[in-house]
Every structure is written in structure tokens, then in C-alpha cells.
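J.: These are the residues of each chain, in order.
2 protein chains.
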Amino acid sequence: MTKSQALQSNLDVDYVISYRFTKTDKAKAAAQFEKLCHALANVGLQTEARNGDNHSVLLFVRVASDEHLFGEVYRSRVRDWMHGVRSAAPDKETRAALEAEPLYEAERLRIIYQLITNPVYEGGAGITPKEGEWENVESIFALHDHAYNKDWIKKWSSSYFLKTEDLDDIRNRLGEKIAFYFAFTQSYFTFLIPAAGFGTFAWLFFGHFSPIYGLFSALWCIIFTEYWKHQEGDLSVRWGVKGVSRIDTKRRNFQHEKTVTDPVTGEQVGFFPAQKRYQRQLLQIPFAIAATLMLGTVIATCFGIEVFISEVYNGPLKSALVFIPTGILTTVNPILNTILTQFATRLTKFENYETASAFEYALTQKIFVLNFIMSYLGIFLTAFVYVPFGTVIVPYLDVFNVAVRPFAEDEKQLHLHTTTGTSSWAINPDRLRKQVIYFTVTAQVVNLGMELIVPYLKRRGFAKYKEIQSERAAKNGGAAPSAAANDPPEDAAFLERVRKEAELDVYDVTADLREMVVQFGYLSLFSVVWPLTAVSFLVNNWIELRADAMKICVEMQRPIPWRADTIGPWLDSLSFLTWLGSLTTSALVYMFYGDGNGPDGKPSNIQLWALLLTVFFSEHIFILVRTAVRIAVSKMDSPGQQKERRERFLIRKQFFEENLSKLQKYPTLTDGGEEITRKSLEEDARQSSLRETTPETRFWSRQRGWRESASVGKTLIERAEIGASPERKKEL
Amino acid sequence: MTKSQALQSNLDVDYVISYRFTKTDKAKAAAQFEKLCHALANVGLQTEARNGDNHSVLLFVRVASDEHLFGEVYRSRVRDWMHGVRSAAPDKETRAALEAEPLYEAERLRIIYQLITNPVYEGGAGITPKEGEWENVESIFALHDHAYNKDWIKKWSSSYFLKTEDLDDIRNRLGEKIAFYFAFTQSYFTFLIPAAGFGTFAWLFFGHFSPIYGLFSALWCIIFTEYWKHQEGDLSVRWGVKGVSRIDTKRRNFQHEKTVTDPVTGEQVGFFPAQKRYQRQLLQIPFAIAATLMLGTVIATCFGIEVFISEVYNGPLKSALVFIPTGILTTVNPILNTILTQFATRLTKFENYETASAFEYALTQKIFVLNFIMSYLGIFLTAFVYVPFGTVIVPYLDVFNVAVRPFAEDEKQLHLHTTTGTSSWAINPDRLRKQVIYFTVTAQVVNLGMELIVPYLKRRGFAKYKEIQSERAAKNGGAAPSAAANDPPEDAAFLERVRKEAELDVYDVTADLREMVVQFGYLSLFSVVWPLTAVSFLVNNWIELRADAMKICVEMQRPIPWRADTIGPWLDSLSFLTWLGSLTTSALVYMFYGDGNGPDGKPSNIQLWALLLTVFFSEHIFILVRTAVRIAVSKMDSPGQQKERRERFLIRKQFFEENLSKLQKYPTLTDGGEEITRKSLEEDARQSSLRETTPETRFWSRQRGWRESASVGKTLIERAEIGASPERKKEL
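These protein sequence lines map, in sequence, to chains F and U. Take the first sequence: its letter number 231 is residue 231 in the numbering used here, and every next letter is one higher. Take the second sequence: its letter number 469 is residue 469 in the numbering used here, and every next letter is one higher.
Chain F on its own, in the form it takes in the complex (with noise of 0.2 Å):
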């Protein structure tokens, strides 16, 4: 088997688990392993054991047969039927229902990946990587398709568009979770091309700060928003998903306090009290606190020593301690988000949720405030703090002369120029777009570029250090022998493959997405101080797009393919950050509007009534404009809509058909109708002689059928004509 054709055939696998032993000892290692054989082989998974790098072995699972999964197929139709994601209920018939509806492969693979991992008592495996007895397992991965994956690299990059078919093919091979992403970015940057056309038309012609383009803005981030939860909606349908996020899965790490008899299923469940996790809840202030102070200081030193260097400072070296503030940020940052997210992990397994969504809900919630702190408080600072008030506060800017002392020739550099009085300062008009500028478009070539580059060069280095280590190795005579000394040697240019992608990080949709909304961020929040934002971000997302795809095919192990029917909590990170930017919309168009320099620093020449009242009326014309867009949305069909109430209507049809067939249509009254003769009158009245009588009987059995009703009727009407017409013509 050559290296290439190694590249197309996964030989069947289904999915690798990478079994690493380095911990612990060997005997443990080895039951352990025995263990998870057995494990595998219980639940119908084939296995074959070989070789892998660095104290590991592979472990290929391969399902036994298909009869196997046709039963798990089945179950997972079933539930998610009962759950109302399904329509109609699957074919009885499992062999039926399976042909009538094929898989699709993400399909196959996360019903596999499921019965590896889910607990013993839901029919699994209970393999669970990394944690308690498994601690051994390392990971479970399936293997990249690579005809595939060049296909779609090749199309994606000669074309502008994606269409809903190159979706729909993201959403067969990595799962709706994934292509939930893709389709949102790509939506995101449809929206982008009329934005970033207005953009540079405002740029070109309204000048500064136009109210025009805020106006723009705010609705295009309406309209998007709102778009994009409607075009969620369709496409969850068309793929089949929607209602996936109330299948709740509970979180395995959750800890009852106690059990108790569920109320509904009778079951004996863990407990949790509410009351508890409110408390723990709680411990959010301190946190979003504690961490707005922590990034919001740093953030604000940083900010403090740039204003002093670029704007006090006078002397040598300016040009490059203007940096040292970018360097402090750019070092530090990074580090105190990684402690405060892996804070915020621990916060929220602290509220100890009891499904899987909560937990995702609460976590990406705090992420995205500390997001929001780092994205945008720079930002925030120059608009609202150093533009208003700056006269007032660069003097005590003076503080940081500490950062330059050593480099500065005399004290008169280290203060404010003096010379024409304090008025000589002014504030910098441009820092505020130069800022922005550097957000939306350094910041982002540079976030690129990070993704891209930074896991390539840490494969090629960790690819030379091994390299290094075993000629070293091997010089001092002990060589370890090669992981692949003892491959079977049609296998080898497979298993090399295979160890390659062993040795791949896990792809982390979220990360992107949240990438995405922090950039649509800047756009809802300041693209009114420079309207190419959009333009930035149109070229970028064209790119981003493809890279995002060459990463997951090229530089990550190939993605479990989750289900979802949304985007998730980031969707109220959306809805929040639209709303927010009505609000920084029309404050800085009204501060900067006019003569294009805006307040110069003295807060006496902002009108804080004006101002307010401003934000005022554009917060609730905005709440309004919602609401219309909202309905408007709301009334547009669509595919989807139509596919899912088709479907709705003919299994009712169908419902209706089968059931109401059955009743026998009703006798129909007898017709009534026999003259009323002196002959039936008296039998009438023999009869009801006989009969015990009741006052219902007698009264309803005046009149017999509605012949003699209309007749009894007719008469009314004539004799009461008669009667009437003396007094009518009177009253005439």
C-alpha cells in the first residue's frame, strides 16, 4: 500500500481510540486495556489492536456487523420521533425503515461514537476519554475522508458563494453542529456585502460619524439577526434537527445531593436543590467583577502608559516605547484569559448543572463577558472616557512617567508642556478611529493569521523534536524502537497516517463561532466611527471561511459530528450585542457629529439631557424596528416551513384516513315526513299511553322529523303575519 493510497482508504475503521499508558504502570495498563475490549466487543464493536507512538496503542473499532447498528439507528429514530424532531414515527420494520431513509455518514458516525461512550445503562459502552477509569483512553477519533476533504478544499477556494448543497455536504460528512457554523459565517457574510457597499458609500460621501450610516447600521444588525434565527429555523428542518437541543443529555458530572422518586417517571433520580445552585450562582458577581477589574486595570494601564508615551512624552526612544503598552497587553492578556476561563470552567462546574445544555449555556455566557471586557474596553475607554474627559485626565496620566523614567533625559520630557499653558494639550481627533482600525483590521489579519500558522509551526516542531530525540536516541545505543518497526508492511503507510492524526488537536466549533460574534461586535458597536469596517470584515471572512475548513481537514483530528438545530447561546450574544450598539450608535454620533472633531476633551460641552435623550429615543425606535422586522420575518415562508408542514398535514391525513374510516357513518335520521293523519295522531296517543311519560318524551315527541318541525314552523309564521299586519299598518 503506497502513501497515497494509504491517504484514500480508511480500510473500514470507524473510529481510532488512542490508548496512552505513560502514567501508569504496566499490569494496571495492560487489565485496563483487556477491559476496554471487552467493553467494545459487548456492544457489537469489532477491534484490532496495534502499535502506536510513545507509550500508546491504537485501538481500531470498526462495527461488527450492520444488523449491530440497524437496532441503534432504530433507537436513536425513535427517540428523536418522541421528542418531536421527527415528524412520524420510523417504520416498525427496522430493515424498512433504515433503506427507506439511508444514513448519512455524520449520522453513522456519532451513533457509533455514541454507543463508545454513553453509560452501561443507556446500552454504551461507557467509554469515557480522559476521565476516571478511563483515564488511559486519550482520545476517540474517527479518520479523516481525504479524497473528500480535498474536494472540498478544491471547491470552496474557486468559489465566491458556498451554496446551500456545499452546507448540506458539511452537514453529511461533519454533523449539524459544524455546519451550523459554516452556514453562519457564510450567512454573515452575504449580509456583509451590502453592509461594507453603504460602508465605503458613507465613507465616501457622509463623512464622519454620519447618522445616516448609524441609522444603517443598526438596522442591518436587526435585519441580520433577525434573518439569521429564521434561516437557523429552516435549515434545521431541512436537515432533520429541529427540537435536537431538547433532547437534553445529562451531564455526567452532575452530583446529586440526594435522590429522590421523580414525580414524572417514577424513577429514582438525583436530586439537586435549586435553591443551592442559586446561592452557587451567586458567586458570579464576585466573579464578573473580580474579572472586570482584573482585565479592565490592565487594560486601562495599558491604555494610560500609550496616551502618556504618544501624547506627554517627549523623549528618546517615543517611537518604540510607544509599543511597550501593545507588549504588556499582548503578553498578558492571553494569560490572565486562559487562568480566568479555566476560572469560569470551574465556576460552572461548581453550579454543578444537570444537563449538558445548562452547563454549555452558563460557561459560554461567562466567556462571553470576559470576551466582551477584552474586545471592547479599549475601545470603550477612548470613546467614553478620553475623548470626553480627556483635558481632565491626562494630567494625572503623569503617574506613568514610572513606565519611561529610565529612558527620559530630563524631567520636562516626563510632563505635560507647560509652555503655552495647560490648554497646550489637545485631544488626539484620530485615535479613536486609529483604534478601531487596528480592531477590525490588524487585529483580525493578525487572529488569522495566528490560526493558521501558530498549529502548523507547533506540528513541524514537534515532528523535528521527536525526530532530534530519536537520533539522539539512537546515537546513545538504546534506541527505543520505531512505534512502526513492527507494522505489517501493507499496513504501514496506513498506520504512519493514522499515528499522524493521532497526535492532532480536537476542533473546537465554539471557538470560531465566538470569534465570529465578537467580530460581528465591533461591527454593530463601532462601525459608525469607521464605516469600512465591513469591508475589513468581508475580505476576511472570505478567507476566514476557507481557512477555517483547510484547519479542520488539515490540522485537527476529524470532528465528533454533533447534532444541534441553533447557534447556540451564542445567538443572545448576538441579540445583546445589536442591542448595545443602538445605544453606542447614537451616543458617538452624537457626541462627533457635526464639526467632525467632537468633544474636545471639556465633559462642560457634552449636553448630558441631549445625550441621554438621544440614546433614550434610539434605544426604543430600535426595540420598535425590532418588533416590526420580527413580524416581518416571522410572516416569510419558506422551504423548510413548507417541507416541515407537509409533512405534519400528510401524516394527519394519513392519521384521519386510517382512524375515522373505521366509524361507521352515522344513521341518518329517518326522513321524516309521514302526514300528519288522524290515524297517526291517534296512534301517537295510544302509544304514549303505553309508554311511561316523561316531560321530555312529550315535548320532543310533538313534532317527529324535520318535516313536521318546517311544517309547524310555517305555520308560526303565517298566522303570526296575520296577526301582526293590523297593529303594523296601524303604526305605519
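Among the hints, a few may not be true.
No distinction is drawn between identical chains; accordingly, a pair holds when it is met within one copy or between any pair of copies.
What the hints assert, rightly or not - Pairs of lysine-lysine residues, derived as DSBU-like cross-links and limited to a Cα-Cα distance of at most 30 Å, are as follows:
(1) Lys-643 x Lys-276
(2) Lys-635 x Lys-229
(3) Lys-250 x Lys-229
(4) Lys-366 x Lys-276
(5) Lys-23 x Lys-154
Honestly, the hints are just simulated from the structure, not real lab data.
We have chain F already, so just place chain U on it with the hints.
T.: For chain U alone, coordinates are given in the frame of chain F:
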């Protein structure tokens, strides 16, 4: 049959159709009457015709046999299940299904009413009272159950609180829609108790416009609104109607522009372009403006005149003249209201909604706007125009001197006293409070009286008029025969009672609901002016609840028991009023708190920025608190929700058991474990040379069974350990 007996029994009558033929000529009327009887007989209804008052025939209707009804009930229940209202499909055996879950009275009456009124293609008789060919059908009503009514009134008037069982009772008799009104009012009443308590406390100790009371009031409104939403959901589950609002009934008057093929059902359906409806909806804007202007002008003029007379005018008859504006308001407003409501109805019809619920929603919105202006504009004028801008505006009120000029003795009496300069006139600080007290006490009492007494007087007057007329007719010789002339003696008392019930008005629950929502508005918007508001409402609503029950029993025809799962569009009005309350309360507190006098008519005394800041912050705190309350309430478990979940769980369990038990347990894997002997290896080699081998089969055939994988893995682990150890030692 005595009179009291006639009240006890309804003689098995399900519905009475009042057929009036005053306007039509008798031949046509008789023909149409025959058609009516035939149509009813066709759907399995038995009929009896009797003479009615004043050129009308009473047609008594009952279901011919239970078999006829069973089919209808079953169909209705299947439809409910299809729309998700019922979680389980009804038993396929009709009789068994009905025995398992017997009909309640309201359900029976609703189904029969639908049988009479539903269009023919939906299986009904297609009788549409007062419309089209059924113009002569004046009304279709069920007969009161007087025994039950008597018990009901007695029970309620002797108990302080209503229990859920009392509400269940109403639901069983009068249907869910009316039951929801009573549930809402009862829930509101219960919430008023703490509000009244705290209000009294605040009134006694906190002084005027207390911010503490303001906070309490806003919080109370939020909790009540959110709690009601929760309770509504709970009751809808309890009553098995959750989701009925999703069952859309087509409006009969919907006019389609063209017929298109429904993409969902494939049926031909009427189509009206949404574009065109949007255009028509735009008419709402001029309508709202016109209504605001008309009502606003009337209210503002009366307000101006009143202020002029009471605070400027100083001539004779002052104490009498001061009632002029109230007189104008009480005459002009109801007239304007009636005209505008009619106009709103016509506008809504013109908007041509497809479903009854969309129509109702659109109409309710318009009616709410009208009510909002009429109820609150006066107080708004006092609080936000008269008090802050009084000294600026009052001099201009001189224009109103035309209204009292005839009564004045000299010019001086028509102008502000300028003896001590312009400052002689001062804001009347009591005006606002007096106005609020007027609306929350006097107006409520008057309203209650009107609701009970006016219909009573109307009924008595009408009876008197008829009596006089028949006496006059008798004197003139041409006496019209009394309607009762030909009654069979034993039915006479019963028929007399039915004729009386036929004359009664139709009960409209939305009017009562609107009254409650408007009342809630005073509490949320203005109760900070007079904290005893809740006390007044508490007393009022205790009586209101009983008076409404009385009204339904005595003064109205028995209402058709419609279903509902919510109080409908009024819920939005509640939320709106709660939100607006957060604005007005904070503004009122800001403006008037402190010395207890508030602004003195000079707008310069109010800091606009501070007012705006107060409102801005209070609104956002409101939104935050509402979100928190929403989350807290959504976490509350309730019997209804538990019931729903339990039902769903049981169905799920049953389905799983039924279907998954059929799935054969997949074959267990051959338990591996054959020792790898020379023989078995040779056997394998032979086998593989016999078969055509692919890389896949070769790869997967190296290890047979999990035991072999495990042992290979074990070997790998042991070997790796040996290879690695020297290197490790070196590294240490």
C-alpha cells in the same frame, strides 16, 4: 308544569334557535325555515318548532342519539391530538374512548354548536346567525341551568376566596374561555392583597411619591404578569386545552383574491397577498393618529376648561360650572368610542385576515389603543403637562372663557388675578391625586353599577314597553294573539322562560377582560400617586367577580362555551402596561418626591438630564429584573407541568416497550478467545488464500475476537515499556 319546575329542567334541549322573520316576506321566510330544519336534520339533530315573541319561531334542537354525537366528539379529539393539544391519541374504539374520558358539559355544548355552525364541507350544518342566507337566524343559544346557577351564586357570595375547583366548575359549565377570565381576575385579586397591604403601609408611613413604594409597585407588576403567564400555562394543561390557540379556524369572511394550490396540503385555497395586507395595515397609522387627535382634543379641551373654571374663573355658578367638562366627557366620549370602535372593526375587516385569531388579535390591539387614550390621557396631562408647565400654560387657558362668558358678571372674573403680579396663581398640588382617586375609586364604582343596573333597567323597561303595547293593542280591538296563546299548557311555563332568555344579550367576555386590564394599568402607571389604589381595587374586584357571575346567570344568554388556552392578546397589553409603568413611576417619583409638592409649574426647576437618567436607569433595571423573574418563574414546577410531562413520558415508555421489544437483541459477538495456535494460524492463511482478499479484510482479520485484540495490546504495552525504560531513566 309549574314555574319553578320550568326553571329546573331544560327538557333535554341542547340549543334554541331563534328565527325572526320581521323583515322578510312570509313565503320566503317559511321556505328558509324549512331549509333550516332540513340542514339540522342532516347532521343528526332533532328539532321541535314553537311560537316565539314578536314574529319569531323558536326552534328547539337536540342531538338525535348519542351515537350521532360520539362520532363528532371522537373527530374533535383526534383533531386535538393532531395539533398536539392532547398528548395521547384517543382510543380507536369510539365508545371505549368516550367511556374512558366522559364528556363534560361545556365540551358537549361546544361540539353541538360547532355541528350547527361549521360549514357543510367540514361536516356541520353551516348555519351562520345573522349572516348571508341565514340572516333570519337571530341567535343560537343554550338554556341556562338555573339550579346550577343558583348554587354558583350562593357559593361564591359566601366565600372569600375561590379555589381551583371553583374554576374547574366554571370551565366544565361555561368553557375554558370564560373560565380563564375568572381565573385571571381571581389571580389578580389574590395578588392585590399584598399590594393593598403594602400600599396602606406606604400611605401611612412613606409620604407622597415614595420611591420605595415605586420599586415595590414595579416589582409587583412584573411578578404578577410573569406569574400569570406561568399559571395560565398550568391551567391550560389542567384543563387539557394547551395548544388550542394553535388550531386556527378560517374566518368565514376572509376574501381571497385568487385561488392557489396550497404547497402543503395540495388543496385549492383562497389567497390574499401579504403585501396588500401590509398596505392596508398602514391605515392603522392614520387611524391611530386620528383617534388620538379626536379623543385627545376632547379630553384636553375638557381638561383645559376644567382647569380654567376651577382655578381661573371667579364668577358666579362656579361650583356648578365646574361640572361642565365632566358632562361633556361623559356624553361625548362614549359616542366617540362607539364610532371609533366600529371604525376599528371595519378597518380590521378590511385588513382581511385569514384566521379568526389573527383578526381578534388585530382588533384587540386597536381597541387597546382607544382604551389607553380614554383611560389614561387625562392623568398624563395633569402629571406631565399641567404640573410641570402649569404657569406657562394656564395664562393661555383664557381661550376657554368663551365657555363661561355668559355666566360671568365682569371681565375680571374671566382672567387671572394680577393683584400681586403673575405669581398669584399656583399649581394645585392636590389635582393629580384627586384625579387618580377619581379614576380608581369613583369611576370603578360607577362602572360596576352601570354593568349591573343598566341591563336590569333595560330589561324592565323593555318588558314594560311590551306590556303597554299589548294593552294598547287590546284596547284597539285588533289584539295580536299573545305568543303564548297556543302553547300546550304543560309546556307553557317552560316556553315563557325560553322566550325571556331569547331576549337577553349575548355575553362578551373580552369586555370584562378589557376592564380588568385597564384597571391594572392604573395600578402600574399611577399607583405611586396614591398608594391606596390597590385597596380600592381589592374591594372592587371581590364584588366584580361575583357581579360578573350574576350577570352571566341572570342578564345574559348562556354563553357558548369556547375553548382557549390564554387570555389572548390582552396578555401583551399587560406586559406593555408593566413596562410603561416602570417609566411613569420613576418619572413621577423623580419629579414629585422630596418636599411633597413637586414641581411648581416652572419647567426650569426640573433637571431634564436627571429626569432622563432616572427613567433610563429604571427602565433598564426593570428589564433586568423582569428577565430574572422570568427565569425564576420558568424554573417553578407546577402540578400542570408535571402532569403534562408524566403523560408524555408514559406514552413514550409505552411506545418504546411496544416497538423495541420487537427488535431482536443483536447477536452477541463470538466470544473470541480461541488460542492462537499454529494450527489456527495456518487455517487462517489457507482461508485467506482461498478467498479474494481486500486490504480491509486483511486488516480486520489479524485479530479475531476481543481477547486477541486485548492480548496483542498487552504485548505491545509490555514491549513498549522495555523499549522506553532506558530512555526514561536517562531523562530523569
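J.: Determine for every hint whether it applies to the structure shown.
T.: Each hint tested on the structure:
Only between protomers do Lys-643 and Lys-276 lie at most 30 Å apart by alpha-carbon distance; the minimum there is 26 Å, versus 44 Å within a single protomer. With identical chains, the CA atoms of Lys-635 and Lys-229 are at most 30 Å apart both within one copy (13 Å) and between copies (25 Å). In this assembly of identical chains, Lys-250 and Lys-229 lie within 30 Å of each other by CA distance both inside one copy and across copies; the values are 27 Å within and 28 Å between. When the C-alpha separation of Lys-366 and Lys-276 is checked against a cutoff of 30 Å, the pair qualifies only within one copy, where the shortest distance is 19 Å, while the shortest distance between copies is 46 Å.
For the homomeric pair Lys-23 and Lys-154, neither the shortest alpha-carbon distance inside one copy (42 Å) nor that between copies (81 Å) is at most 30 Å.
In this structure, the one hint that does not hold is number 5.
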